[in-house]
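Participant: I would like the entire structure built from these sequences, with the hints used as guidance.
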Amino acid sequence: MQYAIRSLLGGALAIAGAVAVPGSGAMAQEQVLFVSQGGAYQKAQTIAILDPAAKKLGIKVNQDSAPDAWPVMKTQIASGKPTWDVVDTPTGYCLRGGEQGLVEKLDFSKLPNAAAMPAEYRSDYSVAYEFYSSVLAYSLKKFADAASAPKTWADFWDVKKFPGRRALRNHPIATLEAALMADGVAPDKLYPLDVDRALKKLEEIKPHITVWWTSGAQSAQLLNDGEVDMVMPWNGRVSALTKEGAKVAYTYTQGILQSTSLCILKGAPNLATAIKFVNEAVDPVLQANLPLHIDYGPANPNAFGTGVISSARAKELPSAPENASRQALMSYAWWSSAKGEEAEKRWLGFMQK
Amino acid sequence: MAQSATGQDDGEQRLMLLLAVPALLVVSALVLLPLAWLVGQSFWDNGLSFAHYQRVFSEAVYWRSFGLTFRIAALVTIACLLLGYPVAYAAAMAERPWKALILALIVLPFWTSVLVRAYAWLVLLQRTGVVNQMLERVGLISEPLALAHNEFGATLATVHILLPFMVLPIYAAIEKIPPDLMQAAASLGGGPAYAFRRVFLPLSMPGVISGMTLVFILTLGFYITPELLGGGRVVMVSMVVSRNVELYQQWGAASAVGVVLLLIVAAIFYAVSRVVSFDRILGDK
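Those protein sequence lines, which keep their order, are chains V and Y. Using the working numbering, you'd call the opening residue of the first sequence number 11 and step up by one each time. Using the working numbering, you'd call the opening residue of the second sequence number 4 and step up by one each time.
By construction, these hints were calculated from the structure, which means they are not laboratory data. Take the hints with a grain of salt, since some may be wrong.
Ranges between beta-carbon positions, derived for each pair [to be verified]:
no., chain 1, residue 1, chain 2, residue 2, range
1, V, K325, Y, A32, 41 to 49 Å
2, Y, L86, V, D198, 56 to 64 Å
3, Y, L86, V, H218, 33 to 41 Å
4, V, T316, Y, F155, 34 to 42 Å
5, V, H218, Y, R201, 27 to 35 Å
6, Y, L28, V, G277, 50 to 58 Å
Far from chain V by the CB rule (all over 12 Å, computed), these chain Y residues [to be verified]:
no., residue
7, G14
8, P25
9, L28
10, L33
11, P37
12, V42
13, N153
14, I177
15, I180
16, F199
17, R201
18, S213
19, V238
20, A270
21, F272
Note that the coordinates shown come from a computational prediction; the quantities given were computed from them, not determined experimentally. For each residue, glycine too, the CB sits at the ideal point set by N, CA and C.
Facilitator: And the structure:
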């Protein structure tokens, strides 16, 4: 009986091996499996970055999408045979993956495009891929001109000077940063975050918060419906509204600049190709293509020097140098540290009080 | 329940058991096994561990959510009962075409997804919503009322979604009550209110109890409705479960919360069954 099972298993393995051979044969074209978050965002990348990169490198870029890649990364590594090569995921997950041995350490000598990017845009395990921003947005029906509108987080907190209904995200990330800026901390002096101080400042504004939003769509809806007069949404959500003609506006001043990054899974099946692909994906010209198709900013600042992005378009992008310099750059290293995790755990207690 | 002694009944019982085997298999595959897995996970944190339970019992956030969840479940159950009983009564007493119409109106919302209904309530209740605009136009209010993005909105929408689960069991129970009984009570001198209280209401109790049980249990697990209408403030146990999956990246951290909820519900039902005999109410011996 036992022998029968073993031979059965052996047979199955042999078949599996036979099936696997053609794909891994030396004759086959080099390929890489790239995973992003799906939807309009992945479609935009396909046109702007993935297809051109595949063509330029002569490789095949296979795609998969996972809105929440982290648990899959964990199970793939736990199974011992990852199938994904390169993942585009919020930068914090790349860092955490690096700490937990789920992600390959990068050799920047093989990634010249990434090496040319600012040091704070990359880590041993990640290269920033695109930028978005948590911004202060407001209704133009309530604040008709820029002069009367709230411009800083201190204004957002000032309920006397700027009466109106407010919404913040039901999550500590970026919200704690905004609270500290409202309390007078300079955008470049935020980290390590003083969580106690931030929560204390948030207690102040809490009675004036109508909604703590959970989804990006909701944040835009609230502003558009007139349910709130000011909100901290992601920039792409507000710019989508303005394109539809909604009477809303936002400022990058004191925005919180956030990114997703590329990282390579530990023991990726196509490691060598994955490294080539990552380098190409942050190529200045391909990066400059991205904002032509979606409201996200390129992660490689050199993209703004390629001439692909018009100066009018650059003004709208979170990572354009003149916009980036007015914002706080989120420290994913802090958020994925023990202190950051502790802050995330404290959030629920704050909401319930 | 029914304990029979005769040999003929024994044979019939065996046949019944045999017929129940497929159903039992399905139930164990789809309910008992996942439940066992859930309980197992809750004791697992890179090895056998009580860490997840320790957290649930030591941190105040969990108890606040449990308290809120049970409070809302009780509120929803009472509201559904007060609203649902008259509707069930009307449906049971109505003549042919009206009966069908009332039942159709009760069942109709079932065909709309919970998500859509939650959004519909948002459209009605929010600051610029239909209700506030109407009240303002009539002149009853000068400032929009805070109807959504709070506990009120979440509770109201939950009542609406769960109302059929109250109405249908009560309707079924009332349908079974012979109309002659009320006439008999009247002929013996009982006024309508007295007859209702002493004859009709007790006979409809099986429906009331099953309706209340259904609504109460379903509310405990509500997620989308309080998420959309609670404005982030109404943190039910279901939301704590999903938060724990995200935060601890381990099923166990979430499973422990689920297991504790299950045990509390079991304890409540045990306590209630000591006071009220379910068998008696549900019409068994």
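Participant: Hint by hint, say whether it matches the structure.
Facilitator: Evaluation of the provided hints:
no., hint, result
1, K325(V) x A32(Y): 41 to 49 Å, "violated, 59 Å"
2, L86(Y) x D198(V): 56 to 64 Å, "holds, 57 Å"
3, L86(Y) x H218(V): 33 to 41 Å, "holds, 34 Å"
4, T316(V) x F155(Y): 34 to 42 Å, "violated, 54 Å"
5, H218(V) x R201(Y): 27 to 35 Å, "violated, 54 Å"
6, L28(Y) x G277(V): 50 to 58 Å, "violated, 41 Å"
7, G14, "holds, 39 Å"
8, P25, "holds, 29 Å"
9, L28, "holds, 25 Å"
10, L33, "holds, 23 Å"
11, P37, "holds, 18 Å"
12, V42, "holds, 21 Å"
13, N153, "violated, 9 Å"
14, I177, "holds, 41 Å"
15, I180, "holds, 45 Å"
16, F199, "holds, 43 Å"
17, R201, "holds, 46 Å"
18, S213, "holds, 33 Å"
19, V238, "violated, 6 Å"
20, A270, "holds, 23 Å"
21, F272, "holds, 27 Å"
In the structure shown, a violation is registered for the earlier hints numbered 1, 4, 5, 6, 13, 19, in ascending order.
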